[in-house]
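Trainee: Input sequences plus hints: build the corresponding full structure.
Those sequence lines, one after another, are chains A and B. First residue of the first sequence? That's 227 in our numbering, and the numbers climb one at a time after it. First residue of the second sequence? That's 103 in our numbering, and the numbers climb one at a time after it.
Each statement offered as a hint is correct.
Covered, in the sense of this in silico footprint (three residues per stretch, anywhere, with C-beta under 8 Å from a C-beta of chain A), are these stretches of chain B:
{"no.": "1", "stretch": "261-270"}
{"no.": "2", "stretch": "295-301"}
{"no.": "3", "stretch": "317-323"}
{"no.": "4", "stretch": "350-361"}
Hints were generated in silico from the structure; no laboratory data involved. No residue lacks a Cβ here, since even glycine has one placed at the ideal position from N, Cα and C.
So the chains spell out like this:
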Amino acid sequence: MPDRGGPAQPMLIAAGLRKHFPIPGGGAVRAVDGVSFSVAKGETLGVVGESGCGKSTLARLLLHLVRPDAGELVFDGEAVGAPRGITLKELRRQAQMVFQDSASSLNPRMPARDSVAFGPRVLGRGPAQAAAEADEALRRVGLDPMQFGPRYPHELSGGQKQRVNIARALALQPRLVILDEAVSALDKSVEAQVLSLLARLKRELGLTYVFISHDLAVVRHVSDRVLVMYLGSVAESGPADDVFARPLHPYTRVLLASRLSMDPDRRVEQAPIVGDPPSPANPPSGCRFRTRCPHAEPVCADRVPSPGSWDGHQAACHMVHPGSGHSAAALAA
Amino acid sequence: MTGAAPLAELDDLRVQFGAGPDAVQAVRGVSLHVMPGEVLCLLGESGSGKSVSMRALLRLLPPQARVTGGVQVEGQEVGRLSGRALRALRGGTAAMVFQEPMTALDPVYTVGQQIAESVQQHRGGTRAAARARALEVLDLVRVPDAARRLDAYPHELSGGLRQRVVIAMALACRPRLLLADEPTTALDATVQIQILVLLRGLQRELGMGMVLVTHDLGVAAEVSDRVAVMYAGQIVEQGPVRDVLRRPVHPYTRGLLASVVRADGVEAPGIPGSPPDLRRPPPGCAFAARCPAAVGACSAAVPAEQKVGPGRTARCVRVGESVAA
Ligand SMILES: Nc1ncnc2c1ncn2[C@@H]1O[C@H](COP(=O)(O)OP(=O)(O)OP(=O)(O)O)[C@@H](O)[C@H]1O
Ligand SMILES: Nc1ncnc2c1ncn2[C@@H]1O[C@H](COP(=O)(O)OP(=O)(O)OP(=O)(O)O)[C@@H](O)[C@H]1O
Ligand code: SF4
Ligand SMILES: [Mg+2]
Ligand SMILES: [Mg+2]
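Mentor: What follows is the structure in structure tokens.
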């Protein structure tokens, strides 16, 4: 597939993406509420955040599987859905998604091989060639095509189904792959295999990934940059190593403190944060994290902290913006 | 564990799907037990038979599954239970939290209706009493604002809340055995640790026995007393969690531990290759083809389960050497 925009052109730019789901009877769930970022070619952007913070909705917006209410998407220099931009059909060919819910994203009446061969068929291959490419894709994800090719979804374990999904996305030879919790159902040895497969494909084919996962160690391992989301907006973004080593946002710190110890003698006695995030239908004023933040001050309720610019290491927290009026910011300034 | 009777026990469980040469031998002789008040974690490769073994404990396998071997819960042979006794077992004596939480909840009923329904079915009593119990268990699993949540539909809840509701439902009839299949796999880190701390607390408080399936060694380290590691339909190693995580003896367990992407994000090597075709499992050790320590004897016959320490067993021809190592 041609690299139209050249290496300096980001693979994907998202600016001010917004999706509110109307609630019957009034109001709306603000699933994604003004999210901006860019992903360079050959880079992996990791996306983390609490359940319900809008990660899957964001992923769907990137392919226009749900229509954004506002915001712009630019794929390799071409605006998505604009008159002279890239068509949705072309976008969905060059960008593939692996869905979170592996069970329901496979056709229950189709054997694994046929599900995977669907992509090459769409690309114009004959049936025999498509089946051969499907087998190759299955092999790549560690599934023996002779053994698993003829199986229906209900005859596969959770992890096997997810690998069929990954094989199906790869068989379409995409440039951008959006992986929504794609390895979460896999056991560690298969996960390590799939991750090294993804890394190899990235090197060999120059693939670009948006990698959504709640496994922080995995995100750190695969990502060049990370985006930390909270309640529909970006809390922090930056180079993966910086964000993990020097988290700026209190939410990111809580997230990192929630990691498991791997040591039976150092079990977590108390969860670092309790309760659930507030309803995205009615997010708190000002900083969305303020209702659970140990550092919240009046300014946090009054003003929305700026998310900062798109590159470097940024956090949407008044404490890191000198002159915001937060006492910690005054000290930092 | 001195002489007390196990709460649940599998004895040489074998489960096969289909018939003839293409039958899948999903479980190939699994023996394990869990004591009252104990937490056992089932770890292992995807497709190794963890979910199938759990389902066998409650006789929840599809009709095409051919099951042999002993399955006992509180001394009763599950395979021989009548319809009524079976209903008392499922959701009464024992309860299960399934791998896919959404499938456990019915989208057209409120959370309160579903929990109350299950309570009435197993314990009888009035609707009001069942609803009161529903509120009690939602409180127990720390659902904030539980009284209001009783009237919520599943889709109105976040993933974390839904999982807590599923756990509440499982706990509603005061089970003595809780089976949880990947209960936190779909949850993010902040909710996962809350649910694990909660499960551990409830398990202790209520004195339940628990079998927890997970592929996350971190989860096993957080909650389990003992772990059993499965590979290709067999348990290859079991023992106290500390011993197994610190000094694994089976090469598969060692590979699994080395596969964990560490907190610092350093690349994990994984285990090259893939598990055998369960339609034609090899005559010897199922891990031999991928094992860095394999010798000729490994492929001759399935290695016997050997005792390798207090409460520890492993199935590996070279286990004597690796214990010494
Ligand atoms: N089609 C929809 N209609 C109404 N609300 C929706 C819809 N899809 C998602 N939501 C809501 O939008 C919010 C964000 O959901 P989303 O699935 O994007 O979260 P997520 O970050 O992927 O969570 P998880 O980690 O649990 O997968 C949630 O409150 C969810 O209930
Ligand atoms: N109905 C069925 N028909 C045929 N094979 C089946 C059926 N159900 C399960 N299997 C096979 O049995 C084996 C064990 O499946 P099981 O679901 O127990 O795996 P698991 O250890 O729970 O894996 P995971 O970690 O991926 O959930 C798998 O190889 C699976 O493909
Ligand atoms: S802006 Fe205020 S409430 Fe928000 S994270 Fe920073 S200190 Fe906490
Ligand atoms: Mg999601
Ligand atoms: Mg399973």
